[in-house]
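Participant: Chains A and B, in that order, are what the protein sequence lines are. End of the first sequence = 574 in numbering that gives the first Met the number 0, gap-free, step of one. End of the second sequence = 574 in numbering that gives the first Met the number 0, gap-free, step of one.
For the record, the hints were derived by calculation from the structure and aren't laboratory data. Any given hint could be a false lead.
[What the hints assert, rightly or not] What follows is a list of derived Cβ distance ranges for each label pair:
#1 Pro-465/B to Ile-488/A: 29 to 35 Å
#2 Asp-61/A to Gly-231/B: 56 to 62 Å
#3 Gln-455/B to His-312/A: 44 to 50 Å
#4 Ser-459/B to Met-482/A: 30 to 36 Å
#5 Cys-322/A to Arg-436/B: 18 to 24 Å
#6 Asp-208/A to His-312/B: 31 to 37 Å
Since the structure is predicted, the reported quantities are computational estimates derived from the model, not experimental observations. Built from N, CA and C at the ideal position, the CB exists for glycine as well.
There are 2 protein chains.
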Amino acid sequence: MATYTAPVEDLMFVMEHVIDAGETGIEPETLALILDEAGKMAAQVHLPANAVGDVTPPTLVDGQVRMPPGWHAMHQATADGGWIGTSQNPDFGGQGLPVLVNSAILEILCGANMAYGLSVALTEGAIETLENIASDDLKQRFIPNLISGAWSGTMNLTESQAGSNLAAVRTRAVPDGDHYRISGQKAFISFGDHDLCDNIIHLVVARIDGAPEGVKGISLFVVPKYLVNDDGTPGPRNEVIPISLEHKMGLHGSPTVALSYGDGQGAVGYLVGEENRGLEYMFIMMNRERHMCGVQAIGVAEMALQHATAYAHERVQGTPFGCPPGTPIVGHPDVSRMLMTMRAYVEATRALACRSAAMIDAGVANPEYQAESEFLTPIVKAWSTDVGFDVASLGMQVFGGLGYMEPTGAAQYLRDVRITSIYEGTNGIQANDLVFRKVLRDGGTTAFRVLDQIKQFMSSTASDTPLMYERGRLKLAVADAEMAINALINADNQEPRRAASAAVPFLHLMGIVLGGYYLVRSASIAQRMLDGNTGAPEFLEAKAATGRFYVDHVLCQSAGLGHTVMVSTQSDGMS
Amino acid sequence: MATYTAPVEDLMFVMEHVIDAGETGIEPETLALILDEAGKMAAQVHLPANAVGDVTPPTLVDGQVRMPPGWHAMHQATADGGWIGTSQNPDFGGQGLPVLVNSAILEILCGANMAYGLSVALTEGAIETLENIASDDLKQRFIPNLISGAWSGTMNLTESQAGSNLAAVRTRAVPDGDHYRISGQKAFISFGDHDLCDNIIHLVVARIDGAPEGVKGISLFVVPKYLVNDDGTPGPRNEVIPISLEHKMGLHGSPTVALSYGDGQGAVGYLVGEENRGLEYMFIMMNRERHMCGVQAIGVAEMALQHATAYAHERVQGTPFGCPPGTPIVGHPDVSRMLMTMRAYVEATRALACRSAAMIDAGVANPEYQAESEFLTPIVKAWSTDVGFDVASLGMQVFGGLGYMEPTGAAQYLRDVRITSIYEGTNGIQANDLVFRKVLRDGGTTAFRVLDQIKQFMSSTASDTPLMYERGRLKLAVADAEMAINALINADNQEPRRAASAAVPFLHLMGIVLGGYYLVRSASIAQRMLDGNTGAPEFLEAKAATGRFYVDHVLCQSAGLGHTVMVSTQSDGMS
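The task is simple: from the sequences and hints, build the whole structure.
Facilitator: Listed below in structure tokens is the structure:
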């Protein structure tokens, strides 16, 4: 049986020392208490239900999805603890915590149980959308019950012919008094039906009759599973029926359903915001949703790391070179290399995600910070998820043959985390978003500004002898990144296909370089703390070692990726 | 429903033109006919049973494993067609084909159905072991029925405390007249029980009472599931009982069982070769088995490539830059990049595996060729399997959300191929084998000789203007590989942990460089054939494009890997 210990020490180190987050408005002691509590709940409540959800997945019986055993109690405990809507408006029952803290809590929940953590993320996404866009009446009607966990939220975008391309949405909306009648079919809706809550609040993208073609004719509606009575209680069932449940490679605990809307008179739906502005509203939400998707993968990767580390310290197989007989397999240099690789990736993606979350918070009042958060989001989403999958696969490898056996649990992490590179916009779409909207639209201004932070760090630490090597390697990697940005700018002037051909290698390059920055910076801070005798020596020494390892095993890939970007931007990928 | 077309054109191109295999003793026309027939059988017989095996896995009922529906007919058709033991001794009913051809046939079988292809590979491994080591009497008793497919073979090495480390084997053998009595438990035995054949011939590693400790006390036995009557027919059941069936992440069609030997008087077993030489015998077989493991992954990767390519040419989603509306997703530069990456990896690993197989054939008469085959084998095993997994994962990514849904089939390829990095010796063990036995034992002689082939190719084509760029990049990569070999040699003189720390990055570096050689060489040959108007233009142009793509997307990683090897050899991974 796997155990999970929330990475509170690392999260606190990153938030307090590494990411330069400014004032969060919360004392470190309070923050540590919150994360400790989240960690206890995750370990005691969410972790045991994780394997149960994998082997006893939800079922669809008579138009109702039934959730796995133990999940109802888990949801109740989560809701009772106030863990849903931690960053939401206190007027509606939220805790008003920064996105940074909400993000750390989500990592912890997903580390123990990503399938359930996803339901929390979806509900928070729905709350956030309503909070930003809906009328006061809709807010009052839906948000308090979503925050309390009595109800849950979903996003209904995909249709079978409209996956990545929302322009192809066909779901119809017809005005009918103070509401609309919605009809059509949605596919691949996560938590589209379940029995954990009294009601499900679907945010549905549809086309009002007569609306313009394409994305300019898309509107956003809120469609509850049960109509809401005037006293706020759930009333009769609306015309939203789950018609099938998907059999997925992983994330079995999360019910993925096809929903049929309006088989009779049409499902009752309420317009959110204004007509035909649905895509714009989706974009408002997308950064936050994509950020959370990356964080899910970091959570699972951390769990895979803990799981493999525990096994490697226990399993004896062969005597490692230079070690006494009975030394466990962690003594084999290659097992150690695999665990270090996992750790390096987890800590690099975590630090980057924390910075990105802090920029979402700070961006509310400062457009430069907002631009940074928008720049970092596709990297957090796509790089953390690609790397999280590699981490889970390395975790399986540490277990050898046993890792391939389902009861061990390593396979579940690999299967679960794989979806994060696909949903919330495939990683290819993230890369295009990064290149076209976040780099080229402002002519590289934000991209170069982010790299300037690294240069400032290097010059401000130029006189520190330790980590001179790491800084030297970082300098080379930053040069690769600058070259790549310039290559994209030049390519775009010629032909957008060229920039698109280089998009994924460019995103990986940026992830690797920024991850390197945060780990070398972490190592530098850890070294100073060690010199000053503050902090826990074992933790700080590990930080320094992880930074060095990352530089020589991950950051060194920047040259190859830089080459790929350079050359890709010189052709249009049409051959 | 996926379709499969055996890659006969590419296999023939590689065998005839690229790998410099010398005389195979078979006319190209005959060879093409053999592979075409294998391809037809794979597409018509093996492919339909592949998904069936995944969703209707074998069951264990009353001490007998029952195979999935349709598998019995598939096995019969395979046996009747003479597809088992194609490279075996004609005196026993084999076809006496070169290992090179056998390897190509195995790739085709595994492309359509890796779980079943594994059973053929295991039986061929058992035949080969008996052929090399057993007495004439044992050969006569077992080999003809194995080649005919009436019986099947297994390898029984692993015990729960003895996975990678055979020194820990505890299974006992006690002399009893002309045979031995075997008792103990074996774990994770592929096809350890099933009902496809009349008998199962287990090759079992055990320790004779009083034998020396460790690997020097291991002997090899043949233990049939049913004792063999004097007339050669199966007699009463031997004491070999399947006690559990594993639930694995993938390869569901292949029954992985724990076997209990000798619950009564001890299972009857016959010594193969001499006492206490079991490990030595295993090593004789290991190169061939590990080669076949790499080939399994290449088969699945080819299938994943065909599957994703077909979808990308059919699915319409968004209009790619510079393309008319209705253009399928293959027009998106990043989808094209993913497919090209898949193709480049498949063709590079295939060419390398063909060269390695040809060296197994040629090595019988030539120690230099044998040394090359032994050098290439761990690279074929570990690099092809790691890369095959990446290919299957890219295939899933091409499908987007649909790829994560099991009925699509992409998930099965990913789940199935993942085991190949683990079994037949984990890829970490392959890397240690490469570094310590294949590079350092002869002081780098073989490793440098293999790189010299690349240099000879470059100087012999130095005056060819096309591909000058590719050759230039290859030259840089060869320099990275040479530097890495020298670093290993230096490290080994100091401390073996340092060489072990660098083993996996070194193996990947060698795979990438050798794959680059074979693809640039392929491109060069294709260009000459195009210039001379011989061969199919579309195929040849694609070869040139794939070579170029590989150079800029894969080969360029050599600098980063070279750095990792250099730095790793300077520390012992103890930190």
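Participant: For each hint, tell me whether it holds in the structure or not.
Facilitator: We went through each hint and held it up to the structure:
1. Pro-465/B to Ile-488/A: 29 to 35 Å: 31 Å, holds
2. Asp-61/A to Gly-231/B: 56 to 62 Å: 59 Å, holds
3. Gln-455/B to His-312/A: 44 to 50 Å: Since Gln-455/B and His-312/A have Cβ atoms about 48 Å apart, the given range 44 to 50 Å holds.
4. Ser-459/B to Met-482/A: 30 to 36 Å: The hinted range 30 to 36 Å holds for Ser-459/B and Met-482/A, with Cβ atoms some 34 Å apart.
5. Cys-322/A to Arg-436/B: 18 to 24 Å: Once the Cβ atoms are compared, 20 Å apart, the range 18 to 24 Å for Arg-436/B and Cys-322/A holds.
6. Asp-208/A to His-312/B: 31 to 37 Å: 35 Å, holds
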